[in-house]
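J.: One-letter residues, chain by chain:
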Amino acid sequence: MIVAYASICVVLFALVAAGTLHADVSHRDTARLAWRQLLPLLTRLPAAFLAANFLVALVPAHWFVQFLGQSSGVTGVLIASCLGAVLIGGPMVSFPIALVLMQAGVGVPQMVALITAWSLLAVHRMITYEVPMMGWRFLWRRVTAVLVLAPIAGITAELVLGVWH
Amino acid sequence: MGRTSARRIPVDGITVFFIILAVVSGGALLILNGVNAFSEALGNGLDLMLEVMPLVVLAVLVAAYVQHLLPMDFARRWLGGSSGLRGLLIATVAGMLTPGGPFAAFPLVLGMRGVGASIPVCITYLTAWSMLGLQRIVVWEIPFFGPHFVLVRVGSSFLLPLVAGLIAMALVRFAGEPT
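Residue numbers (the numbering used here), protein chains in the order written: chain V, 1 to 165; chain G, 166 to 344.
Think of the hints as simulated: they come from the structure by calculation, not from any bench. There could be a bad hint or two in this list.
Per label pair, the in silico range of CB-to-CB distance [unchecked claim]: (1) G:D177 x V:V86: 40 to 50 Å; (2) G:A193 x V:A18: 41 to 51 Å; (3) G:I196 x V:V86: 19 to 29 Å; (4) V:M133 x G:L195: 15 to 25 Å; (5) G:F339 x V:Q66: 16 to 26 Å; (6) V:V86 x G:L197: 33 to 43 Å; (7) G:V176 x V:H165: 45 to 55 Å; (8) G:G249 x V:A17: 23 to 33 Å; (9) V:V131 x G:G249: 38 to 48 Å; (10) V:Q66 x G:A202: 17 to 27 Å; (11) G:E216 x V:H27: 41 to 51 Å.
Virtual Cβ for every residue (Gly too), placed ideally from N, Cα, C.
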């Protein structure tokens, strides 16, 4: 966590410096934009954290290791892909849930598949943005084209880790 | 944007969903596994929240600066009318560089379609943006999961936007371009 805080502070410092050099970037407008994007998270995030912890506590601990652990292999990757596809919410909500899952014993390739499936198929994003703006005919072509990518990413991660170790 | 809407904490569908999910799963845990299991899960949730919440505030600030610093029409200018494998490669890079959430990326895709970008180019762009977007990697993924995990994930998927584009090319040949 210390590394996380240090790295994000460095990035923020660099961006503030860049913003100061740019005449058309106002710190006040930027802070206002950040505040607007933070507001919905103040209620959504605590609810998501609690829900994730309750749900993980409800599922017997050995299930995570058995079905989604490092040794669950391709089956685990496929289960994780399905799980990721139904995970709703932006990164601020999904990543805490994924973090809870990782602490519960989900393996790295399975986690790669889960995050890939979530980023490609996030249902809430399709409903709120993609269908209204691009239409169903675009949506089904895109979904068909990306359906196999999450399992491919998970299996590739499994191979990469196998070579690595 | 009205003053009241900026002050009030908005509660939308996703928030309601998670509140209901938390209440139902918390109730189920209390009934099925008892008070001890419930309070342990509650404690874990609050601990993690306290650890992550300040990080979220910093991340949102970083995202706001990125959105103000990067001109949003750059991808549109690059991608209008481009196609073929070269178009897919440019779309991959542009997608990775596009900051912001879906509220930024989808209007851009709509603009790209308007200036003649093909469906496979748009699909490759959206795939690269959602899987390999640099802003999300730097702001969210490295802090949460650490550089080792991110290296494995990005290493396993950096060719996949191209794969999606190639599948889309075959699909468009088979099913046609939507009008």
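J.: Confirm or reject each hint.
T.: Checked hints:
Separated by about 19 Å at the C-beta atoms, D177 of chain G and V86 of chain V break the suggested range of 40 to 50 Å. Between A193 of chain G and A18 of chain V the CB atoms are about 48 Å apart, so this pair conforms to the stated range of 41 to 51 Å. Take I196 of chain G and V86 of chain V: their Cβ atoms lie about 25 Å apart, and the range 19 to 29 Å holds. Evaluation of the 15 to 25 Å hint for M133 of chain V and L195 of chain G yields a failure: the beta carbon distance comes to about 42 Å.
Between F339 of chain G and Q66 of chain V the C-beta distance comes to about 40 Å, which lies outside the given range of 16 to 26 Å. Between V86 of chain V and L197 of chain G the CB atoms are about 23 Å apart, so this pair departs from the stated range of 33 to 43 Å. Between V176 of chain G and H165 of chain V the Cβ separation comes to about 46 Å, which falls inside the hinted range of 45 to 55 Å. Checking the proposed 23 to 33 Å range against G249 of chain G and A17 of chain V shows it is violated: the Cβ atoms sit about 40 Å from each other.
A beta carbon spacing of about 28 Å between V131 of chain V and G249 of chain G contradicts the range 38 to 48 Å that was offered as a hint. Between Q66 of chain V and A202 of chain G the C-beta distance comes to about 20 Å, which sits within the given range of 17 to 27 Å. Separated by about 27 Å at the C-beta atoms, E216 of chain G and H27 of chain V break the suggested range of 41 to 51 Å.
Hints 1, 4, 5, 6, 8, 9 and 11, counting from the list given before, are not met by this structure.
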